[in-house]
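Asks: What follows is each chain in one-letter form.
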Amino acid sequence: MKKQATKSLRAFAIELVIYSVLVTVYFFLVLHLLGEWLYHLEAQHRYLYAVVALLLIAGQAVALDAVTTLLFRLLRGRWR
Amino acid sequence: MFFPISNTHINPIYLVIVGFIIGILGGFFGVGGSFIAGPALRLMGVDWNYAVGTDLAHIVGKSIVAARQHRTLGNVDLKLGLFMAIGTIAGAECGAQLIQVLKRAGNVNSVVSYVAISVYFSISAFMLWESQKTLRSDKRRWHSVAKAAGSKTDRSAFGPVTRAIQRLKISPMITLPTSGIRISLWTILLVAFIGGLFSGFLGGGAGYIRMPSMVYVLGVPTHLAVGTDLFEIVISASYGTISHAIKGNVDILIALVMHTGAVIGAQIGAVATQYFTGPKIRLAFVPLPLIGAAIVIYTLVTGHKL
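Residue numbers (the working numbering), protein chains in the order written: chain C, 10 to 89; chain U, 19 to 324.
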């Protein structure tokens with residue numbers, strides 16, 4: 010039981026490290042590139058901005074959910 | 019990190035940590051977590067209107083992840099969630115109109131504050147009484163507890179009242195096989211409408227009202243109420259996000275950064291529900307409305323809006 014918990018914690022810690030690296034890259038690449046465009050969109054085309062904002066957050070949710078699920082699956086298989 | 023839309027500088031690590039905490043709470047209790055996100059953004063100097071709108075956008079993303087996780091665990095009643103969304107949106111619009119009426123009357127802050135404090139305390143007190151009573155009676159019948167620990171059906175000390183509500187035959191009657199109940203559509207819409215009304219009136223997603231109402235009024239098992247509430251929040255918060263973004267109240271860049279932390283938190287929270295029985299989840303829920311009440315009392319006493 011204790012061994013199982015240690016394995017799960019180790020897998021979670023590794024997942025967290027990989028996820029942090031991916032998120033940092035994401036911050037610098039995607040958000041930095043999108044920031045200026047979104048700022049102008051918000052100022053000039055509010056309706057379009059509203060739709061884009063919703064699509065971005067929903068898209069990110071689906072993408073990150075898939076990434077974390079994949080990481081969990083890979084690491085659990087590896088440490089089993 | 020500079021966020022040009024709301025014109026603020028915020029450390030992204032702070033946003034990720036706040037998102038992570040809200041994610042855990044959302045995944046476990048089925049709430050949006052606006053009572054934490056709003057003040058957390060205000061602390062960093064984000065204007066109140068941006069804090070409210072941005073929080074809604076972040077709630078959409080977090081609820082998608084948590085609802086997907088709950089769906090995998092079989093905790094989402096899609097049919098019920100869709101009916102609830104209709105009532106919630108109508109209620110939220112009425113709540114927002116009520117705020118406008120109070121604004122014109124000039125006493126919006128005091129009325130909203132006192133209503134919020136009463137509602138938060140009532141929910142906490144009621145859930146504390148009910149969950150403890152159920153847990154005590156379950157202890158006496160420990161055999162049934164052992165049997166129910168892995169199942170999604172759960173007992174409630176408020177059960178007789180819930181069954182009386184379910185027996186109200188007001189056409190059309192709806193069968194919800196996932197939740198295992200048959201109930202009038204009007205009861206579902208009324209519960210959702212009241213939740214939406216509080217959402218529009220007090221702000222946030224009002225999950226602290228809707229989740230308990232689904233358990234005690236509709237008779238939905240706690241695990242399913244958490245998952246279905248999250249699915250319903252995806253729809254109603256999307257509507258709120260569009261509405262606030264059009265009014266210029268959403269900084270989507272802040273929401274996207276916060277959401278990266280919420281993804282992990284929401285998954286942990288959703289998976290954790292498997293290890294707790296319904297009454298235990300309800301008992302753990304008790305402090306949440308009290309946090310909301312404490313924030314409102316702080317605002318009333320100091321005059322600072324967190």
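Derived by calculation from the structure, the hints in this document are not laboratory data. Predicted model, so just to flag it, every value in this text is computed and none were measured. It is possible that some hints are incorrect.
[As the list claims (entries may be wrong)] Between beta-carbon pairs, the in silico distance windows are: (1) U/G92 - C/F37: 37 to 45 Å; (2) C/H49 - U/K151: 55 to 63 Å; (3) C/K12 - U/R185: 45 to 53 Å; (4) C/K12 - U/Q115: 21 to 29 Å; (5) U/P195 - C/A52: 27 to 35 Å; (6) C/I23 - U/T90: 20 to 28 Å; (7) U/K151 - C/I27: 42 to 50 Å; (8) C/L42 - U/L100: 41 to 49 Å; (9) U/V179 - C/H54: 33 to 41 Å; (10) C/H41 - U/F139: 29 to 37 Å.
Just so you know, even glycine gets a beta-carbon here, dropped at the ideal spot from N, CA and C.
Asks: So which of those numbered hints doesn't the model satisfy?
Replies: 4, 5, 8, 9, 10
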